[in-house]
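Engineer: Protein chains in written order, with our numbering: chain A, 1 to 385; chain B, 386 to 499.
It cannot be assumed that every hint is accurate.
[What the hints assert, rightly or not] Each computed DSS-like pair below joins lysine-lysine, with the alpha-carbon atoms no more than 30 angstroms apart:
no., chain 1, residue 1, chain 2, residue 2
1, B, Lys499, A, Lys99
2, B, Lys436, A, Lys318
3, A, Lys161, A, Lys114
4, B, Lys470, A, Lys318
5, A, Lys2, A, Lys114
6, A, Lys184, A, Lys20
7, A, Lys19, A, Lys168
It is worth saying that the hints were derived from the structure and are not from the lab.
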Amino acid sequence: MKTILIIEDDKVVASIYEKKFQQAGFEVECVHDGQEGFYRLHAPELSTKLTALVLDLMLPHIGGLDILKKIRAQKRFDALPVFVLTNAFLGEVGHEAQKAGATHIFNKATTTPKKLVEQIQSLLSKDGEAAWLEAPPGFQPSNPNAGAEQTIPGMIEQARKCVQALGKTIDPAVRQTLLLDLIKLTHGVTSRASVGGMATAAHVSSALEAFLNELGNRITELNPSTQHTISMAVDFIAGVCRTPDHTEAVASESFNILVVDDERFSRHAASHALNKAGLKPLVTSLPSVALQLAMENKLDLVVSDVDMPGLNGFELCKRIHTTPENHDTPVVFVTGLTDFESGVQAASSGGNDLIAKPFLPMELGLKALMLLHRQKLARKNANSL
Amino acid sequence: MEAPPVDTIRLLDLTDGDREEMREFVELYLQQTSEQLAGLKAAIEERAAEKIRLLAHTGAGASATCGITSMETLLREMEMCARNKTLNDTPALLERAEIALRRVREFFEDYFEK
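Using the sequences plus the hints, can you model the full thing?
Structural biologist: Structure (structure tokens):
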């Protein structure tokens with residue numbers, strides 16, 4: 001019998017994976033803590049029969065990436081297949097895991113437990129070698145039941161409280177702690193939504209997780225614009241979780257996205273950010289070209305600078321909305337932070353949104369994904385009437 | 386201690402850490418901003434508030450995006466002056482922007498030498 005070790009911090013998610021692997025004929029052991037997982041890997045009763053490791057990257061005590069690096073540094077684990085679960089938007093982390101010797105990387109938000117088991121079955125070719133390393137005396141693994149009682153609505157409620165608290169403090173240490181809590185909660189929502197078949201929630205939640213990770217490295221970027229985006233994302237996820245859609249995540253090739261900005265670096269920043277979210281925009285420096293494109297095509301999203309010579313972003317938006325196919329096309333206005341607060345209400349009307357530059361790449365990526373999903377869901381609802 | 390004139394993480398974000406691409410970005414930025422400062426000089430001499438506002442706005446946006454914080458601050462100030470049609474401070478701001486741009490150039494010469 002093939003034996004698999006799953007190191008996944010969310011007990012509910014781990015138990016779903018466990019059940020699926022057992023149904024497929026695997027013997028399964030689950031641990032929920034990085035350090036404990038690392039020691040279990042070296043325990044003789046397990047390591048001598050271990051076939052493969054399924055490793056989440058975000059774990060308490062020791063992260064998945066560190067576990068991977070540590071075991072790959074040992075000759076006895078050379079051949080052990082290690083399947084990593086990560087967030088597709090955290091490209092660098094996935095890349096790091098690949099460099100560190102992951103056998104395969106799975107996108108947690110879009111890989112259902114069934115798909116995970118099927119793909120691992122087909123990827124497995126040989127058993128890993130194993131050897132001894134005992135846990136040091138006194139080692140206390142984290143409580144395996146911790147967090148098991150958490151539900152998606154419960155985690156979203158906690159996330160909302162974190163967002164509110166973030167808005168009330170300027171203490172960098174408190175903000176950092178709140179942000180870390182938010183990252184953990186979002187990670188949990190991504191996992192649960194993914195295994196629960198809530199593709200839209202899982203997709204947006206994983207994008208939010210990636211954005212929060214960017215923000216965690218740049219806490220000074222926590223400003224009214226980034227807080228507005230976080231708050232919007234939490235509300236959006238709460239909304240889609242109430243009405244599970246069971247549809248596929250949005251695919252980049254199916255959308256017409258247009259970036260219009262007369263300034264070349266800002267244009268590049270917007271296009272780069274959308275690429276990071278898996279979206280491929282058309283780019284123009286001229287509002288007149290943007291308008292022409294809107295007259296000839298159905299656009300799913302427009303990202304527009306506000307202050308452009310000839311035709312400003314607000315006027316461009318009005319005209320785009322008068323074209324036959326684009327009366328409801330959402331527009332994200334890009335503006336300076338000083339104009340953000342005064343403009344946010346006006347710009348947010350009618351499905352549009354505002355973002356302050358300079359923005360972190362995943363902030364725009366996240367906004368774009370939310371607007372695209374919202375439009376997709378609205379169309380689906382309209383068709384079902 | 387004086388703050389560095391550049392937040393290099395912004396540029397690293399924009400170029401995914403590719404040093405060659407970053408160098409190209411910097412060259413383009415320095416060239417574009419030099420031209421904008423020359424344009425601003427002419428606009429200030431003409432006392433053309435709208436022209437100053439647009440040039441300063443574009444320059445500030447590019448500087449913010451590329452993480453050239455020192456230039457962004459000065460150009461935003463200039464944009465604000467032009468928006469309020471109070472142009473008396475703009476020659477001094479331009480002079481400070483020219484000095485700041487020289488510092489940015491020196492910063493990157495050091496940065497890429499390392």
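Engineer: May I ask which of the numbered hints given earlier this structure violates, with the numbers listed in increasing order?
Structural biologist: 3 and 7
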